[in-house]
Amino acid sequence: MITSKIQVDDLESLMVKMLRKVDVTPANARDIAWVFKTMTLRGVGHHDIGSFPGIIRNLRDGVFNPRPKIKTVVSKQATAVMDADNAPGTLAAFRMTEKAILKARKYGIGIVTMRNSNHFLGSAAYNLLAAEQDMIGITMSNTLASMAAHGSKDKAIGNNPWGFAAKTGAEFPIMLDIANAYASFGKLFDYMNNNWDIPREWGLDELGENTSDPSRVLRGGVSLPMAGHKGFGLAIMVELLTSILAGGAITENVRMNSLEGNGHSQASIVININHFLPVATFEDRTKEMVELLHNHEPLDSEKPVLLPGERSYTSRKKLADEGIVLNQKTVDELTQLLDELNIRT
836 MITSKIQVDD LESLMVKMLR KVDVTPANAR DIAWVFKTMT LRGVGHHDIG
886 SFPGIIRNLR DGVFNPRPKI KTVVSKQATA VMDADNAPGT LAAFRMTEKA
936 ILKARKYGIG IVTMRNSNHF LGSAAYNLLA AEQDMIGITM SNTLASMAAH
986 GSKDKAIGNN PWGFAAKTGA EFPIMLDIAN AYASFGKLFD YMNNNWDIPR
1036 EWGLDELGEN TSDPSRVLRG GVSLPMAGHK GFGLAIMVEL LTSILAGGAI
1086 TENVRMNSLE GNGHSQASIV ININHFLPVA TFEDRTKEMV ELLHNHEPLD
1136 SEKPVLLPGE RSYTSRKKLA DEGIVLNQKT VDELTQLLDE LNIRT
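The sequence shown maps to residues 836 to 1180 in this note's numbering.
Honestly, the hints are just simulated from the structure, not real lab data. Every value quoted in this text rests on a predicted model; they were computed, and no experiment measured them. Careful, some of the hints might be misleading.
Derived lysine-lysine pairs resembling PhoX-like cross-links, with alpha carbons at most 20 Å apart [stated by the list, open to error]:
#1 K934 x K906
#2 K1022 x K990
#3 K1065 x K990
#4 K904 x K934
#5 K856 x K904
#6 K934 x K911
#7 K1022 x K1164
#8 K840 x K1153
#9 K840 x K1152
#10 K852 x K840
#11 K988 x K1065
#12 K941 x K911
#13 K1164 x K840
Please put together the full structure from these sequences, using the hints given.
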């Protein structure tokens, strides 16, 4: 029986069992579960274990390929293009990052794109994979068109998430994981499920008017790019580096839950720090940067200046020690799937 609180190792083991039941290989199941565990430990409440039941259903129902033949289509020194064969995006992005790390180890930088993939959850896990190898990881994905072009009011492009991570000489790694809309789908659903209003600049309703109701953005409306033309421009940058370079589906041609494949594309850029300066020097310099930024006077004395990744690091330590609290919806979905898959816990 699934309870609302579960230890990290137990959750990871459970995910592997469920993936194996829908015909995922042991190695692939291990890596997909690692991505979900890593994303859940951020403690942000979305793009985490709550998305896992959907992955299982899509694998079981043939939306995703449980036995993909992920292959390298083009490889030229520091670059490569890969084809995911409709693998879960979490697996495809993991394999893409592995290849980018190998190329960065040899050439100082690795740039790898992936086509025919699916939703990759978020960039943080893959960037941490690179950071653990003393490298800087930058990962991005195009997504289903859900965001308006700057100055328009219909769905034109995905919110196209991206982020980066690097180890520092401080206790925590620097890590950014964002979408180019004011709010990701996951965050909008979080607000809707909690009956919270959103800032009106986050999205438009079905009539093309700004709204504070997240459900109207999600049901017939459209999200808006953060900071207007800046978020729109960054979404285009991600589209160029993912679908355009990978030869994948572009903007509104990306699908969701299609038996013909969804066509997401991803890109991984990995930079080998040792090709620029010794890692120890890099850590000393990043520690100095962290200290300089921390020393600035906060607006609120109760809320010190925090760097990207600092809150997630604190959450990771806490959840690793105390266990992960699952919301009731996730508990119910996992319980139902365990019954359907005939898995006893």
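Each hint tested on the structure:
no.	hint	verdict
1	K934 x K906	holds, 11 Å
2	K1022 x K990	holds, 18 Å
3	K1065 x K990	holds, 17 Å
4	K904 x K934	holds, 15 Å
5	K856 x K904	holds, 19 Å
6	K934 x K911	holds, 12 Å
7	K1022 x K1164	holds, 16 Å
8	K840 x K1153	holds, 13 Å
9	K840 x K1152	holds, 16 Å
10	K852 x K840	holds, 18 Å
11	K988 x K1065	holds, 16 Å
12	K941 x K911	holds, 12 Å
13	K1164 x K840	holds, 13 Å
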